[in-house]
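In UniProt numbering, the protein residues as written are 1 to 152.
Keep in mind the hints are simulated off the structure, nothing from the lab.
As the structure is a computational prediction, the values presented were derived from the model and not from experiment.
For each residue, glycine too, the CB sits at the ideal point set by N, CA and C.
Worth double-checking, as some hints may not be accurate.
Here are the computed distance ranges between Cβ atoms for each label pair [what the hints assert, rightly or not]:
hint, residue 1, residue 2, range
1, A37, P133, 12 to 22 Å
2, P133, S51, 40 to 50 Å
3, Q27, R139, 16 to 26 Å
No farther apart than 16 Å at their CA atoms in a straight line, the calculated lysine to aspartate or glutamate pairs in the EDC-like style are these [what the hints assert, rightly or not]:
hint, residue 1, residue 2
4, K10, E46
5, K10, E45
6, K10, D61
7, K18, E57
8, K18, E88
9, K24, E125
10, K10, E48
11, K18, E46
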Amino acid sequence: MPTYVCSVPKQLLSAQQKTLMAQKITQAHHEATGAPAYFVQVMIEERENSSLFLGGEPQGDHLWIRGDIRAGRSAGQRAALMQSILREVARIAGIDESRIWIYLCNLEAGDMVEYGHVLPLPGQEQQWFDELPAALQQRLMALGVDKGGFTL
1 MPTYVCSVPK QLLSAQQKTL MAQKITQAHH EATGAPAYFV QVMIEERENS SLFLGGEPQG
61 DHLWIRGDIR AGRSAGQRAA LMQSILREVA RIAGIDESRI WIYLCNLEAG DMVEYGHVLP
121 LPGQEQQWFD ELPAALQQRL MALGVDKGGF TL
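Please model the entire structure based on the sequences and the hints provided.
See the structure below:
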């Protein structure tokens with residue numbers, strides 16, 4: 001958690017642009033919330049231009065992002081997060097910001113399981129990490145996690 005699902009017009013983005021977009025969304029989430037980057041999942045789904053409708057009319061040129069995030073973030077954090085994602089995705093995709101829609105949906109931490117464990121409340125990531133089995137801690141550290149590096 002969080003999980004960002006990005007619906008983009010087919011062939012709008014190259015493989016390199018998709019990778020950069022996933023990296024920038026991950027970075028934006030980490031910077032806005034302080035949550036470890038290893039929690040951030042980004043899925044980029046390409047769709048046919050004829051499968052998105054606004055007001056009942058085809059709108060093949062929009063990019064839509066839904067982020068399911070842990071509840072407990074302030075309105076300011078959420079706004080900063082969405083603005084950062086908006087700017088970076090528009091830059092990477094080479095499209096106008098008005099063509100990008102972003103929805104953040106808040107879920108309670110106790111409603112999610114990742115890595116085989118119920119997720120911690122925001123601000124309790126270090127304690128959660130310290131209580132994980134050593135093998136899982138090693139796996140997460142291989143993803144670039146600094147055990148002492150949670151800045152919340």
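How the hints compare with the structure:
{"no.": "1", "hint": "A37 to P133: 12 to 22 Å", "verdict": "holds, 21 Å"}
{"no.": "2", "hint": "P133 to S51: 40 to 50 Å", "verdict": "holds, 43 Å"}
{"no.": "3", "hint": "Q27 to R139: 16 to 26 Å", "verdict": "holds, 21 Å"}
{"no.": "4", "hint": "K10 to E46", "verdict": "holds, 5 Å"}
{"no.": "5", "hint": "K10 to E45", "verdict": "holds, 8 Å"}
{"no.": "6", "hint": "K10 to D61", "verdict": "holds, 10 Å"}
{"no.": "7", "hint": "K18 to E57", "verdict": "violated, 27 Å"}
{"no.": "8", "hint": "K18 to E88", "verdict": "holds, 12 Å"}
{"no.": "9", "hint": "K24 to E125", "verdict": "violated, 21 Å"}
{"no.": "10", "hint": "K10 to E48", "verdict": "holds, 6 Å"}
{"no.": "11", "hint": "K18 to E46", "verdict": "holds, 11 Å"}
In summary, the structure is inconsistent with hints 7, 9 from the numbered list given earlier, while agreeing with the others.
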